[in-house]
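If you want the building blocks of each chain, they are given just below.
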Amino acid sequence: MSLPAFAELLERLLFTPGRNAKLALLKRWFATQPDPDRGVALAAIAGELRFSTAKPSLVRDLVATRVDPVLLAWSHDYVGDLAETVALIWPEPPARPNRPPPDLSEVVETLELLPKSEVPARMAEWLDVLDAGGRLALIKLVTGGLRVGASARLARQALADWAGQPVEEVEEVWHGVPPPYLPLFRWLEGKGPRPDPRDAPVFRSPMLAQPLEAPDIAALDHAAFRAEWKWDGVRVQAAAGPGGRRLWSRTGEDMSGAFPEILEAMDFHAVVDGELLVMREGGAVAPFADLQQRLNRKVVGPKMLKDHPAGLRLYDLLFENGEDLRALPFDTRRERLEGWFARTRPERMDLSPQIAFVSLDQLGALRDGARAAGIEGLMLKRGDAPYVAGRPKGLWWKWKRAPLSIDAVLMYAQRGHGKRSSTYSDYTFGLWRPDGQGGEELVPVGKAYSGYTDQELVWLDRWIRNHTLSRFGPVREVEKALVLEIVFDAAQRSARHKSGVALRFPRIARLRADKPAAEADRLESLMAMLEKGRE
Amino acid sequence: MPTPHPESWIRVTPQGLYCEPGDFFIDPMAGAPRAIVSHGHSDHARPDHGAVLATPETLAIMTARLGEGRAGRSQQALGYHQPLTVGEVRVTLVPAGHVLGSAQVVLEWQNSRIVVSGDYKRQPDPTCAPFEPVPCDVFVTEATFALPVFRHPPAGQEIRRLLDSLALFPERAHLVGCYALGKCQRLIALLRAAGWQRPIYLHGAQQSMCALYERFGIPLGELLPVPRPEKRGATVLAGELVLAPPSAEANPWARRLADPVTAVASGWMRVRQRAKARGVELPLIVSDHVDWDDLLASIAEVGAPEVWVTHGREEALIHALAGRGVRGRALHLLGREEEESGEAALDLAGEEGAA
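Chains Y and A are the protein sequences, given in the same order. So the first sequence is residues 1 to 535, counted in this note's numbering. So the second sequence is residues 536 to 890, counted in this note's numbering.
For the record, the hints were derived by calculation from the structure and aren't laboratory data. Fair warning: this is a prediction, and the values are worked out from it, not measured in the lab. Treat each hint with caution, since some may be false.
Claimed, not checked - Taking CB as the label site, the calculated pair distances span:
| no. | chain 1 | residue 1 | chain 2 | residue 2 | range |
| --- | --- | --- | --- | --- | --- |
| 1 | A | E706 | Y | G149 | 19 to 29 Å |
| 2 | Y | M529 | A | P764 | 45 to 55 Å |
| 3 | Y | G322 | A | P764 | 55 to 65 Å |
| 4 | A | E749 | Y | E112 | 54 to 64 Å |
| 5 | Y | E112 | A | E706 | 40 to 50 Å |
| 6 | Y | D35 | A | G860 | 51 to 61 Å |
| 7 | Y | F505 | A | E749 | 38 to 48 Å |
| 8 | A | P689 | Y | R122 | 19 to 29 Å |
| 9 | Y | T65 | A | G860 | 18 to 28 Å |
| 10 | A | A835 | Y | R122 | 30 to 40 Å |
| 11 | Y | T32 | A | Q742 | 32 to 42 Å |
| 12 | Y | D35 | A | R750 | 50 to 60 Å |
Glycine is no exception: its CB is placed at the ideal position from the N, C-alpha and C atoms.
Okay, chain Y solo, but in the shape it has when bound:
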C-alpha cells in the first residue's frame, strides 16, 4: 500500500482523542494493509525507524528552491510547524507526474541505500507525486518525530488486540524481531511459529504499583508486606546476555544509547528491574533535575558522563541465566537478587535496601520524615506476590510523601502546544526576596502547566490577556497581581536556576485571586523546605 494510505492513518490518529478509537484505527491498519508496509508503518509509529541522511534542514533547503521566501516565511509563521508548512506549500507540478506515489517500504529501502548527495533529488521527486497529506507523512517519516499521539506501547496494544493475544506476549517477542516484523505478523495471524527471541534482549512489561490511599491503608495487612524507598529517578529494566544488552524504559523505549556507562556495566546474563539515578560519590542520589539533563539525549559527551554519572538501584531480578523467575514470590526473588548481586557485583549498581518496620504508623512516620534527595516516598510489596505485568491490585503499593505547597505570584505565561496552542497554559511563578535596596522583588522559582481545571484554564487565559505588561513571542509578562497555590513533590538546590532552587513536579493546586500578591510566600520559606543532602 502506498504512502497516501499511511498519511490518512497518521491524520486520523492525530485528531482522534480516544484511546479506543486510536486502537480501532490501528487494528484496521493491521487487518487491511499488506506486508511489508503495515510493518513499516508500525515501526514508524513505534519510533523504530531512523534515517541519518534526511534531516529537517534538507527539507528546508529543498522548499527554499521552489517557493518565494516571503510567502514561505509568512506561511511558516501562520502554520507554526515547518514540516507541515512545507507539505502544504510545496508547489504541485502543473501536471502531476505519471508515476504512482511511492510505497512506504520503497521510501525506507531507498533512504537506507541512497548516497546522501542523492537524497534531496529523490525527496523532491516523491514530493511531486504526493498530495499534501502524503507529503506531510513523507517529511515526518524521514525526518523523524511523527507525533501523532500514538506511542509504541499503544501500537503494540493494538497489535495484541487485533490478534487476540495478551499485550505481554507481544512485548516479549517484539524486540527480537526487526521491522517490518514479518515473522511477528505471521505468528499473530496463526500462519507461523512464535518468533523465538533466543538470547536477544527483549522487553518484559514491568509490574507497577497502585497508589496507596486512606481506605486501602486501613485494610492493609502490614505483616504480609515488605517496604523499600521509592527512588525519584526513572524506572528501567536492564536486560543483558549473549544476545546483547538493552536498557528499557518502563514503557519499552530503548534508552541504551543515552546511558553507555550503564550498558558497559551490564556484564551479566540476567534481567533486572531498578531505578535509574544520577549517583555521585558513594552512591549519593542527585536531584531529579540532574537526571533530566541526561534524558532525551542521543549523544552523551564525556563531560556529561563525568558530571552526571548514572547508576542503577536494583529492585528485582526477573531472569537469571535465562531462567524466568517472575512466577516466584517476591521474597524468593529478593533472595535470588541478593545472592546474584553478591556474586556478580556489577559496577554502578547497588541494591535498594529493604526497610524494617513493625507497624504502618511507624512506616508512615518514616515516610513523612524522609526528605532526602531522591526519595519520593515508599513502596510496599507483598512478600508472596509473583512479578505480574501491569498494575495488579493489592500486590504493590506506592505511598508518596504528601506534597509541599507555596503561594507564589504569576510572573509570565506562555502559550501551550497542540491543543493548547491558542491558550496561555504554561505559567512561571515567583516568590519575594529582598532586592538589595531595601525593597522586595520577585524571583522566578518554577513553571507549572498542570493541576488546573478546564474552567480555571479559561479564567487564567482571560486574566493573562487582560493583565499583560509586555510580550516576547509566545510569552507574556503579566502584572504581578495573581497568587497561585503551587504544590510540588520536593524542592532541590539548583545552580541552574536564578533562585537557586528547583521544584519537583510543580502543579497548580488553586487560584488565589482573593490573596494580595504582597502576601505571597517569600523565597526563604521555600529554602527552608529544601531537601537535605543524603541522610
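Keeping the supplied structure of chain Y fixed, place chain A upon it in accordance with the hints.
For chain A alone, kept in the frame of chain Y given last:
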C-alpha cells in the same frame, strides 16, 4: 474621452464600498439607503437597508434570515446576465459560485469596468451556478485563504473520508459542523452524489435554508430533524450523519448523540493546529472560498491590471501580485470576517463569511 480610473468613482467608506455615479453601496453595513447585495451570508447581507438589489435567490435568503420587513424596505430582483442601469452605471450580476444566488457585481461606467466579486470559489458545487470570469479593469476580491498553504483538495475526496469514517465507526454518530447557508446544502448534495441515500439528520438551525434550497429546485433527499432519545440518558443516531452549526458539539444538545465523531467542514481545517485546537476529530477541508491557487488563477483570468482586496490575508496576496506585475490595494473593509489575531479563539462559530 479618457477612461476614468475606478478609484475616481468607487470609494471606500466606513459603511462599505460606495459607487458614486450610481449612488449605491455594495454589501454595506446595516441601514444603507441603496444597496446591491452579492449573496446572503450575514457579513454581506445586512438588515434594514432602504432599497436592495440582488438575485431572486439572495432576496429570498435575506427575507428568510432577516425577517419580513428587515431585508430592505423595497427589493428589486435581478437575474444573472441581465444588465440594468442604475443612475449612470450599468450593473450586471454574474454567478460567483459561492452559495445559491451568489453574484459578482459587474459595474460599468464610461468604458471602465470594475467587478466586485463578493465571496466566490472555483470548485464545482451542485447547489449553485459556477463562477464566470469577467475581464475588467479592477477586480475586487476577498483574500480569506490567501496564503500558499491553503489548497483545498477536491471536495469529493473529503466526502469519501467522511463515509470511510462512518464505515469504521458504525457505532458512533457523525456530527458535521457546517454553516447553515451554502456549506450544509453543498455537503448534502455531495453526499448524495457519493451514494449516501440514508436520511441525513439536521440540527434545527439548518432546516430552513435546506427547505429554501429545495424550493429553488435543488433536491437534497430525505432530511429529518434530530430526534430526542426515548429514555433519559440514552443516545441516538449511531452510524448516522448529523449536520449542525459549527461548535454545536460543545452544546449540551449534542449529548443525545451516540459517542459522536466531531467533524468540521471548513477551509481552515487545512492547518492541523487549528483543527487540533478546536478538538475536531475529523477535519474536512471543504470550503466555499477560493484557495490560493484558484485565487491567483482567477485574477489571471480576469486580466485586471489592478486588484483591490477587501479582507483576509491581503499582504500575502498583494506581495504575490506585485511579482506578477499586478497592482494590489488593501481596502480594509470593516465588518467582514474578523481578522484573526493568530491567537484568538477560532471564529468559525461567528461570522459565516469565513469558511
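Status of the hints after comparison with the structure:
Here the CB-CB span from E706 of chain A to G149 of chain Y is close to 22 Å, well matched to the stated 19 to 29 Å. Range check, M529 of chain Y to P764 of chain A: Cβ separation about 53 Å, and the 45 to 55 Å hint holds. Checked against the given bound of 55 to 65 Å, the beta carbons of G322 of chain Y and P764 of chain A, roughly 59 Å apart, stay inside it. For E749 of chain A paired with E112 of chain Y, a C-beta distance near 58 Å keeps the hint of 54 to 64 Å intact.
Between E112 of chain Y and E706 of chain A the CB atoms are about 41 Å apart, so this pair conforms to the stated range of 40 to 50 Å. Under the hint 51 to 61 Å, the C-beta atoms of D35 of chain Y and G860 of chain A, about 54 Å apart, fit the expected range. In this structure the hint that F505 of chain Y and E749 of chain A lie 38 to 48 Å apart at CB is violated, the actual value being about 59 Å. For P689 of chain A and R122 of chain Y, the hinted distance range of 19 to 29 Å is satisfied, since their beta carbons lie about 28 Å from each other.
Between T65 of chain Y and G860 of chain A, the C-beta spacing of about 23 Å keeps the proposed range 18 to 28 Å intact. Remark: the range hint 30 to 40 Å for A835 of chain A to R122 of chain Y is upheld by a beta-carbon distance near 33 Å. Between T32 of chain Y and Q742 of chain A, the C-beta spacing of about 38 Å keeps the proposed range 32 to 42 Å intact. Our hint of 50 to 60 Å for D35 of chain Y and R750 of chain A holds, since their Cβ atoms are close to 55 Å apart.
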